[in-house]
Amino acid sequence: MKVAGDGLVRPYGDTLGDGRMQLSFALPLPAGDQAREVARALLQQLGLEDIQVVATDDAGASFAFIVAYARCRQGVDPSRVRVVRATAPDMTFEEVNAYIARELGRKMVVVGAATGTDAHTVGLDAIMNMKGFAGSYGLERYPEIDAHNLGSQVPNETLVAHLVQLGADAVLVSQVVTQKNVHLPNLTRLIELLEAEGIRDRVVAVCGGPRISHELALELGYDAGFGAGTLPSQVASFLAREVVKRTQKTRTGR
Amino acid sequence: MATIRVDPALVEEATGLARQIVLDVKEHIDAHTTTSVERACCRLLDIDGVDDQGVPLPNVVVESVAQAGRLGRGITYWLANASLATGEEPAQLAQECAAGRLDLLRLPSHRPEEVLAAGRRMAARAVEALLALRNQREELAARLGSGPRPWLYVIVATGNIHEDVLQAQAAVAQGADIIAVIRSTGQSLLDYVPHGPTTEGFGGTYATRANFRIMRQALDECGEKHGRYIRLVNYCSGLCMPEIAALGALERLDVMLNDAMYGILFRDINMKRTLVDQFFSRMINGFAGTIINTGEDNYLTTDDAVRAHHTVLASQFINLEFARLSGIPDHQVGLGHAFQVDPATEDAFLYELAMASLVRAVFPDCPIKFMPPTKYKTGDIFRAGVLDTLFNLVSVATGQDIHLLGMATEAIHTPYLQDRYLAISQARLVMNAGRHLFRELEFAAGGAIEARARAVLEQAVQLLRELADLGLMAGLEQGLFAQVRRRRDGGKGLDGVVRREDGYFNPFVEYMLGERGV
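Sequence order for the protein chains is P and W. For the record, in the first sequence the residue sitting at position 156 is 156 according to my numbering, with numbers rising by one throughout. For the record, in the second sequence the residue sitting at position 516 is 516 according to my numbering, with numbers rising by one throughout.
Keep in mind the hints are simulated off the structure, nothing from the lab. Some hints could be false.
Once the Cα atoms are required to be at most 20 Å apart in a straight line, the calculated SDA-like pairs of lysine to any residue come out as [stated by the list, open to error]:
{"#": "1", "chain 1": "W", "residue 1": "K492", "chain 2": "P", "residue 2": "N156"}
{"#": "2", "chain 1": "P", "residue 1": "K2", "chain 2": "P", "residue 2": "Q52"}
{"#": "3", "chain 1": "W", "residue 1": "K375", "chain 2": "P", "residue 2": "G135"}
{"#": "4", "chain 1": "W", "residue 1": "K26", "chain 2": "W", "residue 2": "T409"}
{"#": "5", "chain 1": "W", "residue 1": "K492", "chain 2": "P", "residue 2": "R211"}
{"#": "6", "chain 1": "P", "residue 1": "K249", "chain 2": "P", "residue 2": "V81"}
{"#": "7", "chain 1": "W", "residue 1": "K492", "chain 2": "P", "residue 2": "T158"}
{"#": "8", "chain 1": "W", "residue 1": "K375", "chain 2": "W", "residue 2": "V386"}
{"#": "9", "chain 1": "W", "residue 1": "K492", "chain 2": "P", "residue 2": "E103"}
{"#": "10", "chain 1": "P", "residue 1": "K2", "chain 2": "P", "residue 2": "P78"}
{"#": "11", "chain 1": "W", "residue 1": "K375", "chain 2": "P", "residue 2": "A161"}
{"#": "12", "chain 1": "W", "residue 1": "K492", "chain 2": "W", "residue 2": "E510"}
{"#": "13", "chain 1": "W", "residue 1": "K375", "chain 2": "W", "residue 2": "I412"}
{"#": "14", "chain 1": "W", "residue 1": "K375", "chain 2": "P", "residue 2": "S136"}
{"#": "15", "chain 1": "P", "residue 1": "K2", "chain 2": "P", "residue 2": "R102"}
{"#": "16", "chain 1": "W", "residue 1": "K375", "chain 2": "P", "residue 2": "E144"}
{"#": "17", "chain 1": "W", "residue 1": "K225", "chain 2": "W", "residue 2": "G159"}
{"#": "18", "chain 1": "P", "residue 1": "K2", "chain 2": "P", "residue 2": "V81"}
{"#": "19", "chain 1": "W", "residue 1": "K26", "chain 2": "W", "residue 2": "E466"}
{"#": "20", "chain 1": "W", "residue 1": "K492", "chain 2": "P", "residue 2": "G151"}
{"#": "21", "chain 1": "W", "residue 1": "K375", "chain 2": "P", "residue 2": "V81"}
{"#": "22", "chain 1": "P", "residue 1": "K107", "chain 2": "P", "residue 2": "P78"}
{"#": "23", "chain 1": "W", "residue 1": "K375", "chain 2": "P", "residue 2": "V122"}
{"#": "24", "chain 1": "W", "residue 1": "K375", "chain 2": "W", "residue 2": "G385"}
{"#": "25", "chain 1": "W", "residue 1": "K492", "chain 2": "P", "residue 2": "V154"}
{"#": "26", "chain 1": "P", "residue 1": "K107", "chain 2": "P", "residue 2": "R211"}
{"#": "27", "chain 1": "W", "residue 1": "K375", "chain 2": "W", "residue 2": "D342"}
{"#": "28", "chain 1": "P", "residue 1": "K249", "chain 2": "P", "residue 2": "V154"}
{"#": "29", "chain 1": "W", "residue 1": "K225", "chain 2": "P", "residue 2": "K2"}
{"#": "30", "chain 1": "W", "residue 1": "K375", "chain 2": "P", "residue 2": "L220"}
{"#": "31", "chain 1": "W", "residue 1": "K492", "chain 2": "W", "residue 2": "L131"}
{"#": "32", "chain 1": "W", "residue 1": "K225", "chain 2": "P", "residue 2": "G198"}
{"#": "33", "chain 1": "W", "residue 1": "K375", "chain 2": "P", "residue 2": "G151"}
{"#": "34", "chain 1": "W", "residue 1": "K492", "chain 2": "W", "residue 2": "I29"}
{"#": "35", "chain 1": "P", "residue 1": "K245", "chain 2": "P", "residue 2": "G135"}
{"#": "36", "chain 1": "P", "residue 1": "K245", "chain 2": "P", "residue 2": "P210"}
{"#": "37", "chain 1": "W", "residue 1": "K375", "chain 2": "P", "residue 2": "G229"}
Every value quoted in this text rests on a predicted model; they were computed, and no experiment measured them.
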């Protein structure tokens with residue numbers, strides 16, 4: 001970690017602590033001197049310094065596209081930033097399988113779906129499909145995981161019915177469409193249904209998607225959230241540990 | 001043209017197999033109609049509006065007959081009989097039905113010859129109106145001209161049709177040739193078409209007749225201002241394929257997404273339903289002069305491009321034969337494919353060049369639709385710009401026709417104005433710089449690109465052989481496309497499939513397909 005003399009982290013251009021940033025945005029003004037000065041004034045209001053508006057292009061219909069460079073003086077003390085992540089230390093493909101076989105003694109049943117009106121399955125497929133993502137095999141490839149991919153636009157009610165029928169240990173929900181935050185009530189609704197069915201404690205619930213963070217997932221009542229770039233092995237590791245933890249709790253409880 | 005050598009015997013075999021696969025389900029298509037096909041007839045007969053519960057009148061009319069078990073005769077038959085009995089036009093008859101003052105099935109029956117003659121007169125007027133719109137498009141396009149190919153195609157998707165207009169106007173000013181108003185997510189699963197202008201949507205804007213009209217008018221104005229005809233796109237996919245095609249024809253949409261198998265594979269719509277719907281839907285598209293775009297690009301979002309390019313090609317052969325069966329001339333069949341090879345693959349660019357050249361060479365008369373990279377965009381907008389530049393270069397170098405622009409912010413948000421601006425200006429830069437490259441390019445005989453193209457074509461033929469043996473429905477059940485398996489009685493919309501009675505009457509098929517439809 002490289003911090004300036006005052007212990008704060010700033011954007012780096014070519015000298016430690018110089019705070020150089022690139023910015024771009026559109027303004028609802030015709031390209032020209034006025035748009036350039038408006039952009040500059042706006043960046044000043046943001047507290048930036050050494051502002052250079054390097055491009056003011058005509059983006060059509062009286063809009064200007066702005067590219068600017070500027071320097072920020074603010075910095076952040078990295079020790080004061082809280083990071084919430086769903087990480088038990090990750091296990092490899094082989095480790096996960098061995099762990100499930102040893103600790104659970106049966107296959108772990110995982111059901112995945114893109115729920116509600118969401119028609120996007122790229123993220124779900126990346127985690128579930130045999131081939132997986134970025135060289136990490138998908139859950140269907142794990143001999144110790146019984147993986148069911150229900151695909152897209154699955155109503156929450158249908159998903160819960162499948163969870164009950166399959167005796168699922170875990171559910172993966174993918175949500176991509178986020179316009180006007182339509183994904184939020186949909187995600188919450190699933191948790192409510194799990195509770196109504198009395199299986200919330202038994203089923204590990206995880207959601208994923210480009211706009212999903214672990215912190216948000218916890219707020220919505222999920223056990224974890226996975227964002228863009230997550231590998232199937234990370235999800236598998238988390239699920240294996242969490243499912244094992246729950247079954248052990250249940251056993252002790254009895 | 002940068003033509004890649006393809007074995008004409010293989011192309012001929014593939015075409016023959018695809019023809020066989022399609023004809024194999026023609027019996028099913030000819031034996032059935034659907035609620036959506038019949039609602040499309042209502043739309044063409046000028047039935048519009050909603051009842052006091054907000055239910056569209058085509059649904060009211062068709063449901064009333066379907067529930068009595070008489071839809072197998074064709075809605076036009078009942079409307080024509082009612083028109084003879086009451087002297088009213090279909091639009092008024094629908095109003096009366098909605099008000100509960102009229103039951104189409106409880107009117108005096110006229111002689112079938114009279115009813116058919118009346119139905120044909122009603123349909124003839126509708127068909128004339130579509131022909132007039134088609135002529136209007138041809139005149140406008142001839143007078144204003146079109147941008148150079150590949151035509152630049154962008155999407156607007158704000159959810160609010162009026163905001164969409166603003167975004168479209170900006171895109172046209174920047175150089176877009178084609179504007180698609182992407183639909184609200186989930187519309188494909190609605191078994192009706194929403195009514196009126198809409199200002200709320202999720203991930204897109206509802207396809208409604210009023211929204212079509214608002215955007216059509218805006219693009220016509222833009223076209224006059226910028227001196228080129230701007231084409232408008234919407235989506236026939238889903239449970240309402242035929243109705244959307246009818247509304248698109250009535251509002252002079254120029255391009256419609258219309259894939260024979262997409263709904264089955266990617267929306268889990270029942271295959272018996274979709275096969276009937278796509279036939280009628282495409283027939284309207286063909287007659288209206290609409291260019292259809294097929295959705296093979298979607299295969300590469302669930303499957304790996306290097307492994308699955310041949311499934312794209314095989315599906316294109318099938319989609320083309322389905323289109324021909326519906327009477328669409330090849331020059332209106334925009335077969336789709338996509339730039340989706342994992343960029344980490346060595347020689348990824350060569351694979352893309354091979355595929356794009358192959359598709360171009362195999363379907364010389366089709367306006368090929370090329371879809372951008374999406375799968376390997378990570379959120380790094382600068383890297384995405386490089387991927388899109390490679391895509392733009394392949395497109396212009398291989399003579400593609402319809403070029404959907406990639407967005408640097410793919411996987412982040414629906415495009416902002418500046419995203420579209422950057423995409424258009426960068427594509428114009430690349431395409432202008434390489435405008436006539438295709439005339440200069442030749443691929444080394446026996447080289448990697450030629451070999452790849454040949455391998456893809458051979459694999460496609462092999463897949464078509466398998467499918468021809470199995471039959472299309474069994475092939476879809478076994479997951480031969482996109483690794484998706486669908487049961488023939490599963491999925492949504494099967495309840496809307498109705499067996500035709502003897503004497504089924506649909507004058508639109510007669511008019512639009514002529515000899516072939518009888």
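Hint check results:
1. W:K492 <-> P:N156: Answer holds: K492 of chain W to N156 of chain P is near 16 Å, not above 20 Å.
2. P:K2 <-> P:Q52: violated (26 Å)
3. W:K375 <-> P:G135: Satisfied, since the Cα-Cα distance of roughly 15 Å is no more than 20 Å.
4. W:K26 <-> W:T409: It is violated: about 43 Å lies between the C-alpha atoms, which goes past 20 Å.
5. W:K492 <-> P:R211: violated (29 Å)
6. P:K249 <-> P:V81: Violated, at roughly 33 Å.
7. W:K492 <-> P:T158: holds (14 Å)
8. W:K375 <-> W:V386: holds (14 Å)
9. W:K492 <-> P:E103: With Cα atoms ~41 Å apart, K492 of chain W and E103 of chain P exceed 20 Å; violated.
10. P:K2 <-> P:P78: Status holds; Cα separation ~10 Å.
11. W:K375 <-> P:A161: violated (31 Å)
12. W:K492 <-> W:E510: violated (29 Å)
13. W:K375 <-> W:I412: This hinted pair holds, its Cα atoms lying about 12 Å apart.
14. W:K375 <-> P:S136: Satisfied, since the Cα-Cα distance of roughly 16 Å is no more than 20 Å.
15. P:K2 <-> P:R102: violated (43 Å)
16. W:K375 <-> P:E144: Since the Cα atoms of K375 of chain W and E144 of chain P sit roughly 28 Å apart, the hinted pair is violated (cutoff 20 Å).
17. W:K225 <-> W:G159: violated (26 Å)
18. P:K2 <-> P:V81: holds (16 Å)
19. W:K26 <-> W:E466: holds (19 Å)
20. W:K492 <-> P:G151: holds (14 Å)
21. W:K375 <-> P:V81: violated (32 Å)
22. P:K107 <-> P:P78: Roughly 42 Å separates the two Cα atoms, so the pair is violated.
23. W:K375 <-> P:V122: holds (8 Å)
24. W:K375 <-> W:G385: Roughly 14 Å separates the two Cα atoms, so the pair holds.
25. W:K492 <-> P:V154: holds (12 Å)
26. P:K107 <-> P:R211: violated (31 Å)
27. W:K375 <-> W:D342: Since the Cα atoms of K375 of chain W and D342 of chain W sit roughly 8 Å apart, the hinted pair holds (cutoff 20 Å).
28. P:K249 <-> P:V154: Outside the cut-off at roughly 31 Å; violated.
29. W:K225 <-> P:K2: violated (55 Å)
30. W:K375 <-> P:L220: violated (28 Å)
31. W:K492 <-> W:L131: violated (34 Å)
32. W:K225 <-> P:G198: Roughly 63 Å between the alpha carbons, so the hint for K225 of chain W and G198 of chain P is violated.
33. W:K375 <-> P:G151: holds (17 Å)
34. W:K492 <-> W:I29: It holds: about 18 Å lies between the C-alpha atoms, which stays within 20 Å.
35. P:K245 <-> P:G135: violated (28 Å)
36. P:K245 <-> P:P210: This hinted pair is violated, its Cα atoms lying about 28 Å apart.
37. W:K375 <-> P:G229: holds (12 Å)
Going down the numbered hints, you'll see the structure goes against 2, 4, 5, 6, 9, 11, 12, 15, 16, 17, 21, 22, 26, 28, 29, 30, 31, 32, 35 and 36, while the others check out.
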